[in-house]
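There are 2 protein chains.
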Amino acid sequence: MDNKPSLYTSLSPALLHLYDLSSSVVVIIDVFRATSTIASALYNGAKCVIPVDSVPKAIEISKSIGGIAAGERDGQIAAGLSHGNSPLEYTREFIEDQTLVLTTTNGTRLLQMALDKNADTIISGSFPNLSAVCDFLINEKKNVVLGCAGWKDRFNLEDTLFAGAVINRVKKEFTIHCDSSLMAETMYAKYKNNIIRFAPQLTHYHRLVERFGLIEDIKYCLSNDLANVVPVYSDGKLVLNKSVGQ
Amino acid sequence: MDNKPSLYTSLSPALLHLYDLSSSVVVIIDVFRATSTIASALYNGAKCVIPVDSVPKAIEISKSIGGIAAGERDGQIAAGLSHGNSPLEYTREFIEDQTLVLTTTNGTRLLQMALDKNADTIISGSFPNLSAVCDFLINEKKNVVLGCAGWKDRFNLEDTLFAGAVINRVKKEFTIHCDSSLMAETMYAKYKNNIIRFAPQLTHYHRLVERFGLIEDIKYCLSNDLANVVPVYSDGKLVLNKSVGQ
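Protein sequences appear in the order of chains P and Y.
Per our numbering, the first sequence starts with residue 1, numbered consecutively.
Per our numbering, the second sequence starts with residue 1, numbered consecutively.
It is possible that part of the hints are untrue.
It does not matter which identical chain is used: a pair holds within one copy or between any two.
What the hints assert, rightly or not - Taking lysine-lysine and the DSSO-like style, the derived pairs with C-alpha atoms no more than 27 Å apart in a straight line are:
#, residue 1, residue 2
1, Lys152, Lys4
2, Lys190, Lys172
3, Lys171, Lys190
4, Lys171, Lys192
5, Lys152, Lys219
6, Lys190, Lys117
7, Lys219, Lys4
8, Lys152, Lys117
9, Lys172, Lys4
10, Lys4, Lys63
11, Lys142, Lys237
12, Lys242, Lys4
13, Lys192, Lys117
14, Lys237, Lys172
15, Lys192, Lys141
16, Lys190, Lys47
17, Lys219, Lys142
To be clear, the hints were calculated from the coordinates, so they are not data collected in a lab.
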């Protein structure tokens, strides 16, 4: 037996309870679009991102701290909020030195579950911060659980493909006995050279592109290292990790 | 929109609640080894298979009806039972005209969940009855949920590969908007020509082969159409489906 830390992949929030998080770095993965947007905002200089699970909370918190309340419901900026869930909205000109109060559904819920299960460390990951996440995991030398947010507890391929991308890059540093991880890496290896061309096959693509026209969002969310920072959760906020940061 | 029935794949019992079973044929999939053994016993002339969730129940029921009580715990025939979970035990000489009372964990639990959710029809599937299952699904023209039993709620690849094998053969007859199904078929397409050679990569292989030496079981469970019947659940028993039967 080797002494490498373990790595597991949880394919849905409904499966997260199967893994021991208390000694693990948990990577929250919600590629379309929460964790892509979080990376984008922090990369462009946001002070922090406060993830909340409802529109009223986003309004209340943003008012009390002078933050920017953002979130969508059914592809539209939610009533009472001023900004949406697109990573492309959070340019440096707009978000630098601001606090983003972001309400999402799948990603926020998964993050709360990881907190409730006493995760050792929580970070967020998506293709725009793939390399930074991988460097962080290798440096930490702790067990890892890659947590896919999915869509209303359903498995989705974009989160799984990101898990596979991480595994593809870090696997030598970890002990991996997990069919989910084997599958994720196999799927990633198959599509890694044409992931944006593969996107129209994803269930979620239809919602985002055919209903809401968000093709540029999709391209951003599936592109490597455009916002290459590590968002770490601490005291209710996602902040830049200083040790691996910019 | 077309009017084909829908097909979804549930990758774990913990995800089954996401699907509407009341208008669906649910295929219980527990490749290693419950649903392979059920196909084997019925193919070889068992009167029926009664799936139960505990060893005491298996003993009690088999005594009251003069059946054969079978089941394993930790790879050994369970105390009080006379036979195990291997599909190779259930030859025609042994099982013809007998009732098999089989206690399994993952497969039986999934079957009970499908019953509790009022599944329209419940059948069981594994590689030894792949073609019969596909013919049944095509003939029924109903919605389908492929239910992977997994291992203690964890995703496993052998059940997913069987789901992919079914999808590969029936997909023209169904509307499939489901990332789980797309993934399952993609994984199956990659390994279909050397599935037994791929088996050593499966988490479950290590338990069955390295700990318990069950390589012949593995080969049987991954071979197509060696026991090509459709076990249908009715009144507490799995019986041969007469309309597609032998």
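Verification of the supplied hints:
In this assembly of identical chains, Lys152 and Lys4 lie within 27 Å of each other by CA distance solely across copies; the values are 25 Å between and 33 Å within a copy. In this assembly of identical chains, the alpha carbons of Lys190 and Lys172 lie at most 27 Å apart whether taken from the same copy (19 Å) or from different copies (23 Å). In this assembly of identical chains, the alpha carbons of Lys171 and Lys190 lie at most 27 Å apart whether taken from the same copy (17 Å) or from different copies (21 Å). With identical chains, the CA atoms of Lys171 and Lys192 are at most 27 Å apart both within one copy (16 Å) and between copies (25 Å).
Taking the shortest alpha-carbon separations for Lys152 and Lys219, only the intra-copy value of 23 Å comes in at or below 27 Å, while the best inter-copy value is 37 Å. Taking the shortest alpha-carbon separations for Lys190 and Lys117, neither the intra-copy value of 33 Å nor the inter-copy value of 36 Å comes in at or below 27 Å. Taking the shortest alpha-carbon separations for Lys219 and Lys4, neither the intra-copy value of 35 Å nor the inter-copy value of 32 Å comes in at or below 27 Å. Taking the shortest alpha-carbon separations for Lys152 and Lys117, both the intra-copy value of 20 Å and the inter-copy value of 19 Å come in at or below 27 Å.
Taking identical chains as interchangeable, the C-alpha atoms of Lys172 and Lys4 lie at most 27 Å apart only when both belong to the same chain, with a minimum of 9 Å there against 45 Å between chains. Taking the closest pair of Cα atoms, Lys4 and Lys63 never come within 27 Å of each other, the shortest separation being 46 Å inside a single copy and 50 Å across copies. For the homomeric pair Lys142 and Lys237, the shortest alpha-carbon distance inside one copy (22 Å) is at most 27 Å, but the shortest distance between copies (48 Å) is not. Taking the shortest alpha-carbon separations for Lys242 and Lys4, only the intra-copy value of 25 Å comes in at or below 27 Å, while the best inter-copy value is 54 Å.
In this assembly of identical chains, the alpha carbons of Lys192 and Lys117 never lie at most 27 Å apart, being 32 Å within a copy and 39 Å across copies at closest. In this assembly of identical chains, Lys237 and Lys172 lie within 27 Å of each other by CA distance neither inside one copy nor across copies; the values are 31 Å within and 48 Å between. In this homomeric assembly, Lys192 and Lys141 come within 27 Å of each other (Cα to Cα) only inside a single copy, at 26 Å, whereas the closest approach across copies is 36 Å. In this homomeric assembly, Lys190 and Lys47 never come within 27 Å of each other (Cα to Cα): the closest approach is 38 Å inside a single copy and 45 Å across copies.
In this assembly of identical chains, Lys219 and Lys142 lie within 27 Å of each other by CA distance neither inside one copy nor across copies; the values are 32 Å within and 37 Å between.
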